[in-house]
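Protein chains in written order, with this note's numbering: chain A, 1 to 419; chain B, 1 to 419; chain C, 1 to 419; chain D, 1 to 419.
Don't take each hint at face value.
Identical copies look the same in the list; a pair holds intra-copy or inter-copy alike.
[What the hints assert, rightly or not] Calculated pairs, DSS-like style, for lysine-lysine (alpha carbon to alpha carbon, straight line, at most 27 Å):
#1 92 with 285
#2 53 with 10
#3 61 with 48
#4 10 with 48
#5 338 with 207
#6 10 with 57
#7 383 with 92
#8 10 with 383
#9 143 with 338
#10 340 with 48
#11 209 with 143
#12 143 with 285
#13 411 with 92
#14 408 with 204
#15 340 with 204
Hints in this document: simulated from the structure, not taken from any laboratory.
There are 4 protein chains.
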Amino acid sequence: MSNTSNQEYKREIEVTGHLIDSMILTRIFDRIMDLKGEFEVIEFTIGKEKSDKSYAKLWVKANTPEHLREILEEVYNAGATPIEITSANLSKAPKDMVLPAEFYSTTNNLTHVLLDGEWIQVEDQMMDKAIVVDIKRRLATCKPIRAIRAADEVVVGDSGIRVSLPERPREGMNVFQFMSSYTSTEKPVQAIAKKIAEDVFGIKKRKGKLAVVAGPAIVHTGATEALAYLIRSGYVSVLLAGNALLVHDIEYSLFGTSLGVDVQSGSSKYQGHRHHMVAVNELFKAGSVEGLVKSNALRSGILYECVMSGIPYVLAGSIRDDGPAPGVITDVVEAQQKYKEALKGLDLVIMLSTMLHSIAVGNMLPSRVKVVAVDINPSTLTKLLDRGTGQAVGVVSDVGSFLPLVVKDLKDLESNDIA
Amino acid sequence: MSNTSNQEYKREIEVTGHLIDSMILTRIFDRIMDLKGEFEVIEFTIGKEKSDKSYAKLWVKANTPEHLREILEEVYNAGATPIEITSANLSKAPKDMVLPAEFYSTTNNLTHVLLDGEWIQVEDQMMDKAIVVDIKRRLATCKPIRAIRAADEVVVGDSGIRVSLPERPREGMNVFQFMSSYTSTEKPVQAIAKKIAEDVFGIKKRKGKLAVVAGPAIVHTGATEALAYLIRSGYVSVLLAGNALLVHDIEYSLFGTSLGVDVQSGSSKYQGHRHHMVAVNELFKAGSVEGLVKSNALRSGILYECVMSGIPYVLAGSIRDDGPAPGVITDVVEAQQKYKEALKGLDLVIMLSTMLHSIAVGNMLPSRVKVVAVDINPSTLTKLLDRGTGQAVGVVSDVGSFLPLVVKDLKDLESNDIA
Amino acid sequence: MSNTSNQEYKREIEVTGHLIDSMILTRIFDRIMDLKGEFEVIEFTIGKEKSDKSYAKLWVKANTPEHLREILEEVYNAGATPIEITSANLSKAPKDMVLPAEFYSTTNNLTHVLLDGEWIQVEDQMMDKAIVVDIKRRLATCKPIRAIRAADEVVVGDSGIRVSLPERPREGMNVFQFMSSYTSTEKPVQAIAKKIAEDVFGIKKRKGKLAVVAGPAIVHTGATEALAYLIRSGYVSVLLAGNALLVHDIEYSLFGTSLGVDVQSGSSKYQGHRHHMVAVNELFKAGSVEGLVKSNALRSGILYECVMSGIPYVLAGSIRDDGPAPGVITDVVEAQQKYKEALKGLDLVIMLSTMLHSIAVGNMLPSRVKVVAVDINPSTLTKLLDRGTGQAVGVVSDVGSFLPLVVKDLKDLESNDIA
Amino acid sequence: MSNTSNQEYKREIEVTGHLIDSMILTRIFDRIMDLKGEFEVIEFTIGKEKSDKSYAKLWVKANTPEHLREILEEVYNAGATPIEITSANLSKAPKDMVLPAEFYSTTNNLTHVLLDGEWIQVEDQMMDKAIVVDIKRRLATCKPIRAIRAADEVVVGDSGIRVSLPERPREGMNVFQFMSSYTSTEKPVQAIAKKIAEDVFGIKKRKGKLAVVAGPAIVHTGATEALAYLIRSGYVSVLLAGNALLVHDIEYSLFGTSLGVDVQSGSSKYQGHRHHMVAVNELFKAGSVEGLVKSNALRSGILYECVMSGIPYVLAGSIRDDGPAPGVITDVVEAQQKYKEALKGLDLVIMLSTMLHSIAVGNMLPSRVKVVAVDINPSTLTKLLDRGTGQAVGVVSDVGSFLPLVVKDLKDLESNDIA
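Chain A on its own, in the form it takes in the complex (with noise of 0.2 Å):
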């Protein structure tokens, strides 16, 4: 890689924090250096001691005025601003969901914007949406395409832009410490259970908020009682889930099988599959889960437990889905809707088998929001990496063994919290 040209587009530009340990740097050089650019350090100061910040200062080099926006796009995502700080650009959207062509297109990270000389922070923060700025109101939020207005005042390019990457978490001892963010088999699963139960014992005692995404396999594989145990415990904030959940829990809470399967026997019950499809009947004939509840013929489950403790849910359809129940939001903008309101001021948020509903709620969140994943397929949790929810961990484990384990950690630990 020889630059033949002369390099004399460049910026100086800046980075504050713990630039090793979190590996911030080492994230800015690479994205230089991928991009064929240079880049010259002029001052650099480590933290001493582990909990000094450390401070960087450098020139990025280029080969063309287009090639230097490319490169410092690129660095200003990974935490770094320009020591020249000029105010964020802002255009017009020209029509309702029609975004100014070169609108800046957010990351998952905690991001300001600097207007007037202020740095504001970003509110609702979530990857891949353009930043609105009220300017009286000095207010810049994250918005999707569908939301964005006619003359809403949008952030272009890249000036005026901060973006602080999450530090990495080091004391304590939670389950984000001794597993990476990296899947994989092999794993002690008691161990990580137990770790899961404290953290998850730990948010319930200083109010914190957790939110659980659930799929249908935890009906299949027999862990309803374990999840129906932690909403009825006061663990859970918010449940999010879809249509087949609400089913198979229906289905189960009434004739104890899922899909025709008997959970407790294992044996397969004939008319299984009526059982589902009875399930969704009795939905549309009380109206509603809470009708259910009322006309006293659902007793137990995971949506009774909802219900009886004021846990608010929300169901998003999808086109696999048989019915949809009623309950169930079967315009997508408006489930999106739901559930990114449902998201907020959460600390933990574990997902439970489910692809399609995690990697929905992982494009939700920020950066900042721990997330424990769990499936039995490894597959998915790649893909929920893969696709920006970088601070996941994965655990690859059957959902009706795993659950059931982290409940009876929990149950240890308030015996312990009485004593």
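Dock chains B, C and D against chain A, hints included.
What follows is chains B, C and D alone, placed relative to chain A:
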């Protein structure tokens, strides 16, 4: 297993067809025994040669009337009919979207109902639906629960119903012969590709209909041109996909990238995540794929070929979607409806690397429609079979290397055909 | 498929058993048709009730003598026998480890050979072996090619051979009934664990024999105590494993780690890679596992329990081994021999998370020995079935959460049994 | 985490290299913190431009001498060295195959030991071995435990050891740049195939050495001709495989089948299981592959090309083998020895669809040798990385469609090269 009670509850049933070859009788015996019933064979005439049908008459015996009813429903679903045939029982739907309690829940096999001495074939056969009868017009139709209207005449119980199981294909040498519906890696992929090419070629020749269900991995892995070729050359009658395929296809056509990775060179193009969102934005700006084609901005790719050849496509939204872009049906009930319409009269469905849409389509197909599913993840194929699409054959391969092989074989067939 | 030639080559065959229920007849018809032969059913008597056997007599027809020979070999392997029975043909092995050209290659099903009018059962039945006959002693034995000696009398061709397919189990409620030999995730794992516990408990009760084939993931995932319990409590008759299980087990017993990861806390113990090699070194120092036990250095774990209870174990080396440690058989031919001896007279084999040893054991087992295989990777189970161990049922779960469930159920059974 | 004790135990260390770009410093900080040690950076000079090396000097602090020792071992393995360097400590092996208690256990990274003031490079670097020093000849060599002889001088403790981590490759455009060592489906397989072809082509050009580790799926999936082409054209320096590849290759060459399935047509050839055993028998009859070639019975295939081109091959036996056939090394210790010899001086190893042999080879390779592994099962690739072969890049694809793509690209490169 000893039934101490006197078995006084019995019914005489009969069944005709390739009872042994197609395992129909095996399945009937299985179900009776699994349900702990008894049977006695009264008459059995075996087809002497393989084209002759066999005939069996037997007593089915149970312990209680309930028990007998249970066994009979299973046995009828396996293809048997009672000797004494009584008309189908009908009951009115109590209100919109609610079925009468004892509704008959369908299989995906060819079904007839007996109305006033006449066997009427059920239309729009799908699994897990109800049968609604229009007595005057002598019509019986599979309906999903959401399409049920108050006072619809719904078939209840299991009288007057005849289910015909698909015979196993024997003659001809298509892909369904040399592969059982068993999914495995370690298959001769080049031979499989050739067989599929022959099937696809033959369907076009005899003016049959082929649907392709397509996931975005087609674009990621570099199979866009292969699928575009199939569409352009008139092999595909309809394309079923989701928002992700649309957006990836447009991104690839506009930028040569898929989620920012240059598909030809494999190198990461920076601003890639922007490409994805820019593709969405361009679609919103143009208003539709057709608009993008008309404006000359879109000049190649999968959707481009559909537009140019007038091949219908249906795009179903999901909660995971970015956008969703215009043209994507965001209401899943409406999307199901459009998919169902698109699936009428098909000979073959090829499913390429999408679990969500493949299972959705599988649920809508009568068992007589052949299905080939290609996915690098064996669990996608296993789930498809588990969910009732038992006629599918699964190919574990990556679509990016497999689909071009199919196209290469098709081109050879075309050359030979001209010569 | 029309055979224009005159079909003059035919033979009369017969078959007895649960022809329909066990799909024997289906398989015979299949194979004739797959090979493009013809058949005519001359006689068919169906068992009236499910305990009655059926009988069929048919003509098999082919185009050429070669063709007929081909079909007949398949049909005989599927359980049929010719009406006119001729003795088995024998031919001498030309030299050590070389078979006569037309040697009969065995299946893993119960096989008899006809010698001078007497049907002799083949001993040590395994698949893909030759049958050596000791005419004087009237013995027929399955032998691997390396055990063949010059002038051994080897069965050639397919005359005088009767293969008996296993009947499908019906009565009793073991794990083999509610699971077909079909592998799937999304099963009720707790129910499956319970069934396996019942089978294991029943085998000990009736003084049957259980072998466990064990991979190192047992130690990684924290199931060491569970397997140790099974051995200590007398449920296991023999343990088959490799070097990795041995070394991991010793490492865990000495340090509480598996490849340096603390199994209880899940945290990475530094010097972990050393632990692994120290375990190997300790074994070399002591000379054997028994030596380590005797010196009081080894006081718990899987191998410890084997030594203390006098349960035989066989450890087979592989090219992947660290060490291999003393006690591991480094010659694979010798290891195969030892495995085979250990596998005699078994009722059940439980395979836990090891593809290499599971497939090896599968190859050595007659089809009558039941097999349960547990692995988190469905492809291990698929390969086991593909390689001919069709009697296996596969459980997709991680052994670290699954095996403790089985042990918990066993303890419940023990308590109830005393009471 | 508060360390209440006074931290008096510390040592000054230093490290040089691309500390940030290659994440060396990140790793050192990580390990100190993971072990709950402290550090203080005394000096840090960053390379100004990307080709300049950086230098860091820091204090490592611990609570106890034990603690310090633990941290230092990790830190040294991560590439640091103490400022005050002391010679390596040596201790005599107490007897054959037994190491002194405190033996240093190696990594797979380039290692030097300090002997009398001179840094000596360790030969035959492999992970999890001991270093034996020949003081007179000034030689240090990695030795497996079985090769240790009584009185061998073995390096103990961690003094006088310097480990050099591999720098991340940057320049040039090989497959290792655009793929991280991260395994994923959904990659542009055609682009990956092209990159691999370029690497393979370049290695031959510059007279480098390529090893292929090959599993039998190559034959099953129809990639025999592709691999045969690579060998015949001089791209492959050595072939490492097992009995299964050998027997499948011979079966395919003799009969066109793989386990009885016709690879070209995909149809099941009956007597297939016989073909497999006949292949074994023919090998025994001829005595060797060379014998089969000489007798003109073997005229194509993978092993045929090896014999014709004089390319060395090593076949390692396993307990799963049928036969094993002559030519297969049945003792695993001997097979390891032969593999190791074959792996000397390599530039690239391509692993094709074999977990057993791939992991075995991975264990034997120094980290500087590049590895590409192709497997349809992502877990094979994950395990390879987990077992320490961190330099490998994984391609999830089926070898039957992937390898022919590589060969096609190679042929294009050859044509262009001539022109």
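The hints, checked one at a time:
In this homomeric assembly, residue 92 and residue 285 come within 27 Å of each other (Cα to Cα) only across copies, at 14 Å, whereas the closest approach inside a single copy is 49 Å. When the C-alpha separation of residue 53 and residue 10 is checked against a cutoff of 27 Å, the pair qualifies both within a copy, at 26 Å, and between copies, at 22 Å. Proximity of residue 61 and residue 48 under a CA criterion of 27 Å is satisfied inter-copy only: 13 Å between copies versus 29 Å inside one chain copy. When the C-alpha separation of residue 10 and residue 48 is checked against a cutoff of 27 Å, the pair qualifies only between copies, where the shortest distance is 15 Å, while the shortest distance within a copy is 30 Å.
In this assembly of identical chains, residue 338 and residue 207 lie within 27 Å of each other by CA distance solely inside one copy; the values are 23 Å within and 46 Å between copies. Taking the shortest Cα distances, residue 10 and residue 57 sit within 27 Å of each other inside one copy (13 Å), while across copies they are farther apart (31 Å). For the homomeric pair residue 383 and residue 92, neither the shortest alpha-carbon distance inside one copy (35 Å) nor that between copies (47 Å) is at most 27 Å. Taking identical chains as interchangeable, the C-alpha atoms of residue 10 and residue 383 are never at most 27 Å apart, the minima being 37 Å within one chain and 44 Å between chains.
Taking identical chains as interchangeable, the C-alpha atoms of residue 143 and residue 338 lie at most 27 Å apart only when both belong to the same chain, with a minimum of 14 Å there against 30 Å between chains. Taking the shortest alpha-carbon separations for residue 340 and residue 48, neither the intra-copy value of 41 Å nor the inter-copy value of 45 Å comes in at or below 27 Å. In the homo-oligomer, the alpha carbons of residue 209 and residue 143 lie at most 27 Å apart inside one protomer (24 Å), although the nearest pairing across protomers, at 42 Å, exceeds that limit. Taking the shortest alpha-carbon separations for residue 143 and residue 285, only the inter-copy value of 17 Å comes in at or below 27 Å, while the best intra-copy value is 38 Å.
Taking the shortest Cα distances, residue 411 and residue 92 never come within 27 Å of each other, neither inside one copy (55 Å) nor across copies (50 Å). For the homomeric pair residue 408 and residue 204, the shortest alpha-carbon distance inside one copy (16 Å) is at most 27 Å, but the shortest distance between copies (30 Å) is not. Proximity of residue 340 and residue 204 under a CA criterion of 27 Å is satisfied intra-copy only: 22 Å inside one chain copy versus 46 Å between copies.
In terms of the numbered hints stated before, the structure departs from hints 7, 8, 10 and 13, listed from lowest to highest.
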